[in-house]
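Enquirer: Let the sequences and hints guide you as you build the complete structure.
These protein sequence lines are chains A and B, in that order. For the first sequence, numbering that gives the first Met the number 0 begins at 0 and goes up steadily by one. For the second sequence, numbering that gives the first Met the number 0 begins at 0 and goes up steadily by one.
One thing to keep in mind: the hints can contain errors.
If you want the footprint, here are the derived chain A segments under chain B, 3+ residues with CB under 8 Å [what the hints assert, rightly or not]:
#, stretch
1, 49-59
2, 122-134
SDA-like cross-link-like pairs, simulated, lysine to any residue; straight-line CA separation at most 25 Å [unchecked claim]:
#, chain 1, residue 1, chain 2, residue 2
3, B, K50, A, S134
4, B, K167, A, V126
5, B, K50, A, A85
6, B, K167, A, S134
7, A, K49, B, K167
8, B, K17, B, L160
9, B, K73, B, K17
10, B, K72, B, K17
11, B, K167, A, H132
12, B, K50, A, D104
13, B, K50, A, F89
14, A, K49, B, L108
15, B, K167, A, D131
16, B, K50, B, K17
17, B, K50, A, T90
18, B, K167, A, A74
19, B, K167, A, A130
20, B, K17, B, P129
21, B, K72, B, P129
22, B, K17, B, A116
23, A, K49, B, W40
24, B, K50, B, V61
25, B, K167, A, G125
26, B, K167, A, W129
27, B, K167, A, V133
28, A, K49, B, E39
29, B, K50, B, G112
30, A, K49, B, N37
31, A, K49, A, V82
To be clear, the hints were calculated from the coordinates, so they are not data collected in a lab. As the structure is a computational prediction, the values presented were derived from the model and not from experiment. Positions of the beta carbon are idealized from the N, C-alpha and C atoms, including for glycine.
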Amino acid sequence: MNPSQRFGRAAGCVAGVVGITSALTLLNDGYLGAHNRFPFFLSYKVLSTKGALIAIAIALLAVVGVIIGQRLLVAASAVGFAVVAAIVLFTWRETAGQPGSNPLDNALGAGGPALCMFLGAAIGLGVLSWADHVS
Amino acid sequence: MTSESQNAQLNAPPMSTKLAGRVGAIVRITIGCLWLANTEWKIPTSFNALKSFTTNGTASAVSAFGPYTYIVKKLVLPNFGLFGWLVLLLEVSLGAFLILGLGTRLWALIGLGQATAIGLSVMFQPGEWPWAYVMMALCHLAIFALAAGRTGGLDAVLRPLWNRRSTKVSQLMMRAS
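Expert: The following block contains the structure:
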């Protein structure tokens, strides 16, 4: 395994662990961080419980793929994250953002930051599995 | 040793290339987190908060640059539904690509443009500190100058691959990273 591949696998593992840990901390529909303590600048509502469970399942696919060396599982996880990002985008309801309404009124209870993480995971895992394939 | 080479040695940047790369990676990831965290309040489909900031920025007392304000009034505000989605998608992408370090130099330039647009909209609104927006723009310039995806980013993994391939996409990505 060359240094690029080692880096790719390590980055995949780290991303998976971070994703799962973040999602697990949010199973109570809480906030990541808090406004009055570090990392306050990253304080936001990430996902509903259902959304967090789905994110965990998809992230686990990538972690297992990295551990057993199955590139296809990592690629499948990338596709999964792309699909959930699309679901979030297309299920935002008209009421979201209106005063008094649930601002995260979409299928996974995701806000912009979760959408950003889904997009990053989809692109990152997809690109790493492609790089592993062509190298 | 000639005096010219002595001067070049004396005036060389104090940071090693490795340290500059690491500092660049920290700046890149932090700025990526800035974009990520600030997508929280840009909520589809009404984008009320974003619309409020944009509308307030067109008042003559806080307008930073007349032609920009004119474009916002005539083009952006009448089509705010589309504009809101564009801002959300752009900032979500900025967060994702800067954190990943993929196509970093290109996304740093896009971020520079977006930071400038935000600054022109809000820098003179009550309670704002105008220099914050100058710093925000300059951080993106630093990310561009340091090619900050080449340390701890996907650019570092992919550049050797792009370099070996002669496709147009590979050549474009070499330039974008």
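Enquirer: Work down the list of hints and note, for each, if the structure agrees.
Expert: Each hint tested on the structure:
1. 49-59: Violated: only 0 residues of the stretch 49-59 of chain A have a Cβ under 8 Å from chain B.
2. 122-134: Three-residue rule met by the stretch 122-134 of chain A, so holds; n is 7.
3. K50(B) x S134(A): This hinted pair is violated, its Cα atoms lying about 47 Å apart.
4. K167(B) x V126(A): holds (17 Å)
5. K50(B) x A85(A): holds (24 Å)
6. K167(B) x S134(A): The hint holds at about 18 Å.
7. K49(A) x K167(B): Cα-Cα ~42 Å, so violated.
8. K17(B) x L160(B): Measuring from Cα to Cα gives roughly 21 Å; hence the hint holds.
9. K73(B) x K17(B): This hinted pair is violated, its Cα atoms lying about 48 Å apart.
10. K72(B) x K17(B): violated (47 Å)
11. K167(B) x H132(A): holds (20 Å)
12. K50(B) x D104(A): holds (19 Å)
13. K50(B) x F89(A): Between K50(B) and F89(A) the Cα gap is close to 21 Å, so the pair holds against 25 Å.
14. K49(A) x L108(B): violated (37 Å)
15. K167(B) x D131(A): Holds - the C-alpha atoms of D131(A) and K167(B) are around 20 Å apart, at most 25 Å.
16. K50(B) x K17(B): Judged against 25 Å, a Cα distance of about 43 Å means the pair is violated.
17. K50(B) x T90(A): holds (21 Å)
18. K167(B) x A74(A): Since the Cα atoms of K167(B) and A74(A) sit roughly 24 Å apart, the hinted pair holds (cutoff 25 Å).
19. K167(B) x A130(A): holds (17 Å)
20. K17(B) x P129(B): violated (33 Å)
21. K72(B) x P129(B): OK: K72(B) and P129(B) at ~21 Å, within 25 Å.
22. K17(B) x A116(B): violated (33 Å)
23. K49(A) x W40(B): holds (21 Å)
24. K50(B) x V61(B): Roughly 16 Å separates the two Cα atoms, so the pair holds.
25. K167(B) x G125(A): Given pair K167(B), G125(A) holds - Cα atoms ~20 Å apart, limit 25 Å.
26. K167(B) x W129(A): Satisfied, since the Cα-Cα distance of roughly 17 Å is no more than 25 Å.
27. K167(B) x V133(A): holds (17 Å)
28. K49(A) x E39(B): OK: K49(A) and E39(B) at ~19 Å, within 25 Å.
29. K50(B) x G112(B): Given pair K50(B), G112(B) holds - Cα atoms ~19 Å apart, limit 25 Å.
30. K49(A) x N37(B): holds (23 Å)
31. K49(A) x V82(A): Roughly 15 Å separates the two Cα atoms, so the pair holds.
The structure fails to meet hints 1, 3, 7, 9, 10, 14, 16, 20, 22 from the earlier list, while all remaining hints are met.
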